[in-house]
Structure formats: structure tokens, C-alpha cells
Amino acid sequence: MTAPIPTPDLNPPKGEGVRMRLRDAPVGTHGVIVDVQAEIDGLDHGVDAGELQRRLLEFGFVEGARIEVIHEGGIGHDPIAVKLDDMRIALRRRDAGDIMIAQDAR
Amino acid sequence: MTTAPAPHPGLARIALVGNPNCGKTALFNALTGARQKVANYAGVTVERKEGAVVTASGRHIQVLDLPGTYSLRARSPDEAVTRDAVLGRLAGEAAPDVVVCVADATNLRLVLRLILELKAVGRPLVLALNMYDIAQRQGLKIDLEGLSREIGAPIVTTVATRRRGIEDLVARVEEVLADLPPFQASEWRELDAGQIKAAHRQAQNLMRAHVRPPERPDTLTGRIDSVLLHPVWGMGLLLVLLLVMFQAVFTGAAPAMDLIDRGFGQLASGVAAALPEGLLRGLVADGVIAGVGSVLVFLPQILVLFFFIILLEDSGYMARAAFLMDRIMGGAGLHGRAFIPLLSSFACAIPGIMSTRVIDNRRDRLTTILIAPLMTCSARIPVYTLIIGAVVPQKTLWGFASLQGLVMFGLYAAGIFSALAVSLVMRKVFWRGVSEPFMMELPTYKAPDPLNVLRSLWMRGAIFVKRAGRVILPLMVLVWFLSTFPEAPIGATGPAIDYSLAGRIGHALAPIFAPIGFNWQMTVALIPGMAAREVAVAALGTVYAVGGGAATSLAATLHQSWSLASGLAFLAWYVFAPQCVATLAVVRRETNSWRWPVIMFAYMIALAYGAAFIVYQSAVALGAG
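Those sequence lines, one after another, are chains E and V. When we follow the working numbering, the leftmost residue of the first sequence carries the number 1, and every step to the right adds one. When we follow the working numbering, the leftmost residue of the second sequence carries the number 1, and every step to the right adds one.
Treat the hints as calculated values from the structure; they're not laboratory data. Quick reminder that beta carbons are idealized off the backbone N, C-alpha and C, glycines included. Each hint should be verified, as a subset may be incorrect.
To be verified - Every beta carbon over 12 Å from chain V, so not counted as near; a handful from chain E, in silico: (1) V18; (2) M20; (3) D24; (4) T29; (5) I40; (6) K83; (7) A102; (8) Q103; (9) D104; (10) A105.
What the hints assert, rightly or not - Footprint (simulated), chain V over chain E, 3 or more residues, beta carbon under 8 Å: (11) 47–55; (12) 91–101.
With these hints in hand, go ahead and build the complete structure from the sequences.
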């Protein structure tokens with residue numbers, strides 16, 4: 001994990017901060033998607049890893065897309081609602097492990 | 001089930017394709033008006049909506065409204081229909097001459113990627129940029145000419161809810177039809193992850209080159225969501241909404257239901273007076289009219305329910321309700337969207353099962369369909385009220401709780417908990433795994449268009465009457481036949497039903513039902529009670545030969561002749577028993593196979609027998625026999 005780079009710039013560079021999986025992102029996290037993998041994570045998603053990856057991609061979870069976690073459910077912080085460019089999408093955290101995001105540097 | 005008609009020579013066919021929530025249905029309505037037909041595709045349960053439009057030059061064009069999708073790589077039966085229809089692979093359907101891609105002008109990124117896939121299919125394409133007024137209001141600038149050149153298809157801007165741009169769209173489609181290119185074989189193949197990424201990059205480049213982001217982006221949806229998706233306030237508002245919905249379903253629909261009930265009662269007595277005493281009179285009054293009435297009496301409740309469901313869908317709130325309920329439903333292995341169908345089933349399982357169409361995943365949908373009848377529907381209320389009044393003592397517990405009320409509450413709770421348990425078992429036994437990924441768009445909030453709401457409501461109501469009516473009518477006649485023939489011999493002392501086939505079946509089944517505490521009268525009443533649950537009340541009245549159907553005297557009779565253990569066992573039976581042929585028939589229609597109604601019937605009968613057995617034997621052991 002890289003430490004956030006302090007910048008004096010008024011327009012901080014987007015998506016150069018801490019990298020994390022969308023699964024672990026708290027509400028308020030915003031950044032850029034840097035990778036969407038097909039990782040076998042040991043969790044049962046009902047479909048195989050490649051299929052999950054394709055579905056995420058088809059919903060617009062692609063490298064370079066702006067993402068912000070805007071809401072989460074009351075029980076177990078799940079599911080989450082994210083703003084993905086101009087769209088709003090709801091998904092469960094368990095299915096969001098393959099989405100790697102880089103937070104905006106502060 | 002109707003299969004598609006053979007393509008009419010010279011009759012042009014277009015298909016509407018687009019992402020979900022792009023206003024495609026509104027555009028379809030604006031194009032075709034009242035000239036629509038809803039059926040099923042051959043062999044699948046996907047709804048097939050077709051209409052016709054007449055161009056300015058008088059040419060008829062058939063319009064097919066295909067299910068919304070993000071990709072041609074189908075993930076659900078609905079999406080498979082869209083793919084196969086576009087590719088011309090669907091049995092009995094010719095490939096469309098022109099594909100009209102409908103796009104939400106304010107949300108272009110994903111649809112541009114879909115367009116790239118559609119281009120590979122090789123059919124001529126026309127792009128309808130719908131909701132263009134909202135895009136303009138937001139100050140979104142789209143370079144229509146440039147975009148049209150790049151995607152190689154004419155672009156028309158439309159506002160379907162205000163019928164704007166419709167003639168223009170039809171004219172463009174006609175131009176394309178007039179100059180159809182030679183048939184091109186499809187080059188479309190399923191994309192792999194790398195190709196999807198590449199297509200996204202291409203779509204992104206199109207966006208950058210031809211679309212300038214809005215100057216005044218929509219912030220209203222975000223602000224509404226900060227309340228409606230709030231873990232506490234959002235949940236509270238959802239509960240209030242449900243309360244209002246239930247009030248409207250049960251009290252708002254009551255006057256209309258009384259009216260229908262009384263109307264059919266008068267019709268039956270009018271017919272009875274007009275016809276001579278005899279079999280014909282019995283068949284028409286007790287069989288046909290009573291049968292149709294017993295279905296139509298639920299129509300007001302169903303219309304009120306669907307009115308709310310359509311409003312919630314069209315405004316964009318339904319996805320939010322699914323979001324809020326997903327965790328709770330997910331605990332039982334259900335999809336968040338299963339929530340509204342299950343809720344509807346408290347009024348009647350039939351609209352509940354019909355509204356499972358909002359669940360796009362087949363397994364989740366089937367699970368929801370199978371457990372929907374375990375929710376206590378309003379047809380059980382007369383049965384519960386009668387039996388509780390007859391066998392449960394009027395006691396007050398802890399100074400405030402009436403024992404009868406507690407039993408009623410317990411019956412509702414038993415239904416809900418068993419539904420959740422069955423869902424869990426189903427997931428283990430049938431699907432062998434957890435649910436599929438839950439991913440859905442939370443669409444921008446929109447004010448529902450009154451005309452579209454009314455049109456959808458009309459369509460749902462018509463489907464209910466047709467589907468339920470087509471099956472319940474012959475079955476009611478069958479049940480009437482069974483309970484009437486053979487007739488009682490002259491000078492018979494017992495009730496007439498005792499001599500009928502239903503009576504004989506009841507007597508024959510009595511030994512099977514003895515271990516759960518049912519006497520032969522109860523068993524006989526179950527036979528006509530198969531038609532609909534509330535019919536059992538009338539059937540008990542007939543068996544015990546209580547004249548005039550006066551509930552109080554029937555309750556008094558039952559009080560004397562039933563033990564507490566038998567009464568409780570009968571109630572337990574009714575929590576689970578599949579005593580409603582209309583529900584089974586609707587499951588047959590919605591799943592397009594006899595397999596699921598048979599599974600439903602078998603598991604519910606097994607649960608009913610098991611529950612009644614446990615209740616009866618425990619009650620007897622505790623001295624209530």
C-alpha cells in the first residue's frame with residue numbers, strides 16, 4: 001500500500017491515492033477504477049470468476065471510470081450503492097472484490 | 001400461448017432494443033398506441049409485446065418491444081430473447097428489417113457499447129435518443145451529426161412521454177426500409193473480458209469526441225437518495241409506504257369488492273329465478289357464475305396492488321426498495337427484488353406470482369414463485385376467522401392480548417417463517433449454491449407518466465382476468481360436478497353432498513386424514529375447497545347442513561362437533577395447503593411447465609399434512625383431544 005502523496009496543487013491528481021478493493025471501501029470513498037480482475041477469491045458468487053468479471057465490465061466497471069461509494073445498507077454495511085461516472089449502481093460487497101480502485105489523493 | 005405469425009410479405013418489422021430504464025416501453029407505447037398485443041414467446045415465459053405503426057405514407061410496420069439489456073451476451077431468459085430476436089434465431093420469428101436502438105440521452109456510455117455490439121449483427125440501425133428534453137435541460141450537448149457518422153446510423157431525438165419526435169423516428173425508419181442493404185451475415189460473437197474492455201474504450205472515445213458533459217447535472221436523484229437510501233430514514237419511509245399500500249389494498253378495495261360480490265350474488269339469484277329448477281340452474285348459478293365471481297372479487301385488490309407496483313417501478317423507487325431489503329431477503333437466500341412480490345402475496349398469491357417478472361434471475365424468480373403462496377392471502381381470512389371463532393376460547397392473556405388474536409398472528413407468522421425456511425431449503429436442494437451476483441442500476445427518479453401507468457394497469461388487469469379466468473372457470477364447473485353427482489336419493493336424510501362423488505372421495509380419504517384429526521365432514525369440505533380457500537367455509541356449511549350460510553350458527557355447530565385439537569390441526573393445514581387451483585394454474589402459465597406447479601403442490605401438501613399431524617398429536621398429548 002502506497003502512502004498518499006501530499007500535493008500543494010489545488011486540483012489534486014485523481015486516483016493517485018491509496019489503492020483498495022471496492023469490497024472494503026467505506027461510504028464516501030471516491031477515486032478511479034484501476035483494474036477489474038477475474039480472481040478466484042474462495043467466495044461463492046453463484047457464477048465463475050470470469051463470468052462475474054464480464055458482468056462487472058458490462059455494467060461499466062472498467063478501468064478509468066470514476067467511482068464513488070454513496071450509500072450502504074444498514075445491516076453489515078451491505079449492499080453498497082456506487083456512483084459510476086453518471087450512473088448509480090447497487091451491488092453486494094462480496095461481488096465487489098475484483099474491482100480495484102485508487103482513491104483520489106488528498 | 002401464441003406463436004408469432006408468419007412474416008407477412010411486404011410487412012416491415014422493426015425491433016426496439018435498449019438498456020433497461022431508457023424509456024423503451026414509453027416509446028413503444030407512443031409508437032403503437034392501443035395497437036398492441038401481449039403474448040409469450042414460444043417455449044419461454046418471456047413476455048412478447050408487439051404492436052403496429054402506420055407511417056405517414058400509409059405503410060404498416062410491425063414493432064417488437066424486446067426486453068432491456070446491457071449486452072447481447074444474454075444472462076437471463078429475457079436477455080436471451082433479445083439476442084435471438086436481433087440475430088433472427090428465434091423460432092417462428094423473422095429477423096427484424098431494422099433495429100431501433102433506444103437510448104437514454106442522459107446516460108449514453110453503456111448504450112454506446114451496446115450499439116457497437118449491434119453493429120456487428122449487421123442489421124440496419126436507427127438510434128432514438130430518448131428523454132432528450134432532460135438532456136437539454138441539463139445542458140448536455142450531443143454532436144448528433146458526428147455521432148451519427150461514427151456509428152453509421154441515423155439518429156433521431158425523442159421525448160416518448162410527450163410523443164415528441166415520434167413522426168420523425170417513423171419517417172427515418174421508413175427511409176431506411178426503402179433502401180435496405182443486401183442481407184449481411186452476422187459477425188457478432190460473444191465478447192470476452194478483453195473485448196468488452198476494448199469496446200468500453202471505444203465507447204469512451206465516442207463520448208469524449210461527441211458528447212459534452214452536462215452544465216447542470218441532475219442532483220435531485222442524489223438528494224432524494226440521501227433520504228430514501230438512508231439506513232434508518234429510508235427504511236422507515238419504506239415501512240410507511242408499505243403501510244399505506246396495505247391500507248389501500250385492504251380498505252380501499254373493499255367497497256368495489258362488496259359491489260362485485262353483491263353483483264354476482266344478484267346475478268346468480270336472478271338467473272336462478274329465470275331458469276327452471278334443475279341441473280342447468282345449478283350449473284349456471286352455482287358453478288359458472290359463482291366460479292367467475294370468486295375470481296373477479298379479487299380484481300379490485302389486484303388493481304390497487306398493481307397500481308402501486310407500477311408507480312414504484314416507473315418512478316425508479318422499486319430498485320431502491322430492493323436495495324434496502326436485499327440484506328434481509330438475502331439472509332433467506334432471496335433476491336432483494338423478491339420483496340414486493342412476496343408482499344403482494346399477502347393480498348393474493350396470483351398478482352404476487354405475476355409480479356415476480358421484476359426478478360431477472362430465473363432461479364431467484366422460481367424460488368419466489370414457489371414460496372409466494374405461503375404468505376397468508378386474504379382468501380384464508382374467512383377460514384381462519386370461522387375456525388378460530390369456533391374452537392379457540394375467548395380468553396384474554398396478560399390483561400391485554402386476546403387469545404384468538406394471538407392465534408391469528410401466529411398463523412401469519414407461521415406462513416412467513418416457513419416461506420423463509422422453504423427458500424433456504426430450495427437453494428440447497430435445487431440450486432446447490434448461493435444466489436447469483438446482485439447488481440442493478442439505480443435509475444434516475446422520474447415522475448411516472450399517467451397514460452403509461454393506466455396502460456400498464458389495464459394490461460395487468462386483463463392478463464389476470466384472462467389467465468385466472470380461463471382455468472378457474474372449467475375447474476369450478478368440475479368441482480360443482482363432483483359435489484352434485486350422483487344426486488341424493490329421494491328420501492335421503494343426510495346432506496346431498498354426502499352422496500356425491502366429492503362425498504365419496506371425502507369418505508375414501510378419511511382414513512388418511514384421521515391421524516391429523518380430521519373427521520369425514522372436514523375431509524369432504526376439502527374437495528370443493530380445492531377451488532379456492534374461502535369456498536371451504538361454504539362447503540362446511542353444506543356438509544353440516546346449516547341453512548342460509550349463517551356464520552354464527554355454523555361456528556356454533558363446529559364448536560360442538562370439533563375438538564380443539566382438530567380445529568388447530570385444520571388451521572395448521574390451511575397455513576400450507578395448496579388449496580387454490582387458480583394459483584397453481586398461474587404458476588403453470590408463468591413458468592411454462594407443469595413441473596413447478598406439481599412441485600409446489602407436492603411440497604405444500606407435505607408441509608400441510610406434517611404441520612397438521614404435529615399440531616394434532618401434540619394437542620391430543622396435552623389433553624385437548
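So, going through the hints one by one against the coordinates:
1. V18: 24 Å, holds
2. M20: The claim stands: M20/E keeps its Cβ more than 12 Å from every Cβ of chain V (closest is about 20 Å).
3. D24: The claim holds: D24/E sits with its nearest Cβ about 17 Å from chain V, beyond 12 Å.
4. T29: 16 Å, holds
5. I40: 14 Å, holds
6. K83: The claim breaks: K83/E does not keep its Cβ more than 12 Å from every Cβ of chain V (closest is about 8 Å).
7. A102: 17 Å, holds
8. Q103: Given that every Cβ of chain V is farther than 12 Å from that of Q103/E, nearest at about 20 Å, it holds.
9. D104: 18 Å, holds
10. A105: 22 Å, holds
11. 47–55: As far as the segment 47–55 of chain E goes, the hint holds, because 6 residues have Cβ atoms under 8 Å from chain V.
12. 91–101: It holds: at least three residues are needed, and the segment 91–101 of chain E offers 3 whose Cβ sits within less than 8 Å of chain V.
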